[in-house]
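With chain P fixed as given, assemble chain X onto it according to the hints.
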Amino acid sequence: MSFAEAVYREYMTFFEHAERKRRWSVFDDVPWDLIDRCPRDPELALIAETFCGVELYLPDYVSEGIQLVRANFGQAWFMANWGYEESKHGLALREYLLRTGQRTLPQLLEYERQLYEHRWTLPFATPQQITIYGAIQELTTFHIYKKHEALATQRGDALLAAIYALIARDEMAHSRFYEKVTTLLLDENPDSVKADLVYVSHHFRMPASDLVPGYAQRSEAVRQADGDRGTYLREVWFPFLKRLGLTRHDLPRLPRPARPAETPDGAR
Amino acid sequence: MSDPDFDILALYREAALEVGNHVLEDLTLDTKLADLTISSVEVLEIVGYIEQRLNIRLNDEDLSRMTCMRDLVRLIETVRTS
Numbered sequence: 001m002s003f004a005e006a007v008y009r010e011y012m013t014f015f016e017h018a019e020r021k022r023r024w025s026v027f028d029d030v031p032w033d034l035i036d037r038c039p040r041d042p043e044l045a046l047i048a049e050t051f052c053g054v055e056l057y058l059p060d061y062v063s064e065g066i067q068l069v070r071a072n073f074g075q076a077w078f079m080a081n082w083g084y085e086e087s088k089h090g091l092a093l094r095e096y097l098l099r100t101g102q103r104t105l106p107q108l109l110e111y112e113r114q115l116y117e118h119r120w121t122l123p124f125a126t127p128q129q130i131t132i133y134g135a136i137q138e139l140t141t142f143h144i145y146k147k148h149e150a151l152a153t154q155r156g157d158a159l160l161a162a163i164y165a166l167i168a169r170d171e172m173a174h175s176r177f178y179e180k181v182t183t184l185l186l187d188e189n190p191d192s193v194k195a196d197l198v199y200v201s202h203h204f205r206m207p208a209s210d211l212v213p214g215y216a217q218r219s220e221a222v223r224q225a226d227g228d229r230g231t232y233l234r235e236v237w238f239p240f241l242k243r244l245g246l247t248r249h250d251l252p253r254l255p256r257p258a259r260p261a262e263t264p265d266g267a268r
Numbered sequence: 001m002s003d004p005d006f007d008i009l010a011l012y013r014e015a016a017l018e019v020g021n022h023v024l025e026d027l028t029l030d031t032k033l034a035d036l037t038i039s040s041v042e043v044l045e046i047v048g049y050i051e052q053r054l055n056i057r058l059n060d061e062d063l064s065r066m067t068c069m070r071d072l073v074r075l076i077e078t079v080r081t082s
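Protein sequence lines correspond, in order, to chains P and X.
Per our numbering, the first sequence starts with residue 1, numbered consecutively.
Per our numbering, the second sequence starts with residue 1, numbered consecutively.
Read the hints as simulated data drawn from the structure, not as lab findings.
Any given hint could turn out to be false.
To give an idea of the chain X side of the interface with chain P (calculated C-beta under 8 Å), a few residues [what the hints assert, rightly or not]:
| # | residue |
| --- | --- |
| 1 | G20 |
| 2 | L33 |
| 3 | A34 |
| 4 | T37 |
| 5 | S39 |
| 6 | V41 |
| 7 | L44 |
| 8 | E45 |
| 9 | G48 |
| 10 | E61 |
| 11 | R65 |
Using C-beta positions, here's what the derived DEER-type ranges look like [what the hints assert, rightly or not]:
| # | chain 1 | residue 1 | chain 2 | residue 2 | range |
| --- | --- | --- | --- | --- | --- |
| 12 | P | A125 | X | T81 | 40 to 48 Å |
| 13 | P | Y215 | X | D35 | 20 to 28 Å |
| 14 | X | Q52 | P | Q67 | 36 to 44 Å |
| 15 | X | N55 | P | L91 | 51 to 59 Å |
| 16 | X | D35 | P | A71 | 42 to 50 Å |
| 17 | P | K21 | X | D7 | 54 to 62 Å |
| 18 | P | Q154 | X | T67 | 20 to 28 Å |
| 19 | P | Q154 | X | Q52 | 42 to 50 Å |
| 20 | P | P190 | X | N55 | 23 to 31 Å |
| 21 | P | S219 | X | R65 | 17 to 25 Å |
| 22 | X | T37 | P | F15 | 39 to 47 Å |
| 23 | P | M12 | X | D7 | 51 to 59 Å |
| 24 | P | G101 | X | R65 | 39 to 47 Å |
Even glycine gets a Cβ: it sits at the ideal position worked out from N, Cα and C.
Just chain P, same shape as in the assembly (with noise of 0.2 Å):
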């Protein structure tokens, strides 16, 4: 079987996953009738906005991910259905917001309008890297939102608390569709996805975390229950290569940098 026919396989198993158990609606599926029970907390307003930014720059992860992909049936089609499940996020968000006053409307234009001044770009250059990208992001995503799930849980917010266990779920369903694909190009080419692997974890940053306005200010909320560098180990990286049956043991060392004196004309 080719590589682009195991994709397109793996992709209508996600898709009739997806269409048969996973699917949910913005409008019938957010207990949208506790928002009277909501606390009202401004930083788990603050939390679910900056999250809502990270999730508005939509239009850029859709367009700069198909044109990588569009050559490949079941990771282009993947990527229009990720865009259509993404986009429920950042509407979910949005409207938890305008729904329990938390914010105005043109409060969140001014936002949008903020965030749009900026645009997300690519941040590797292959497909198959960007694959182990999306394998690791989206991992990491559903453990973020898992734990702001708990969060909006223990303060009380059972709204926000759905919302984010909706999410998740997706996110989840996304990382594994990534890690598919990822055992599918290691079984064509080991060498090659092993080196990946290294550069990609290496090199690896969450989405649009320099883009969404004042983050570094809203990073001290978001960062509460968010991860170390071990919890990325423990729940994201040890996880992810040994569900592509490796260790760390078989990975290729990063290249080395060349220290100061090896340069080619010796200058520090």
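Using the frame of chain P, we list chain X on its own:
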């Protein structure tokens, strides 16, 4: 070099230089790994370098729990004496 802690610190310095040209002159047992601005991949390569030199294998779960150099020294000593 009679202090085993010192040996491991020296080995970590050597590995950090080898892996990523990181010069860690002020490294102590209390140095927090997060303060070293070394990526997770590089930390794992440094650990791999040390494992190879000492002919040991450290547990991934334990590695993910270490926060400072003292944790790494304890991990290594535990493996070497077990």
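Earlier hints that do not hold, by number: 4
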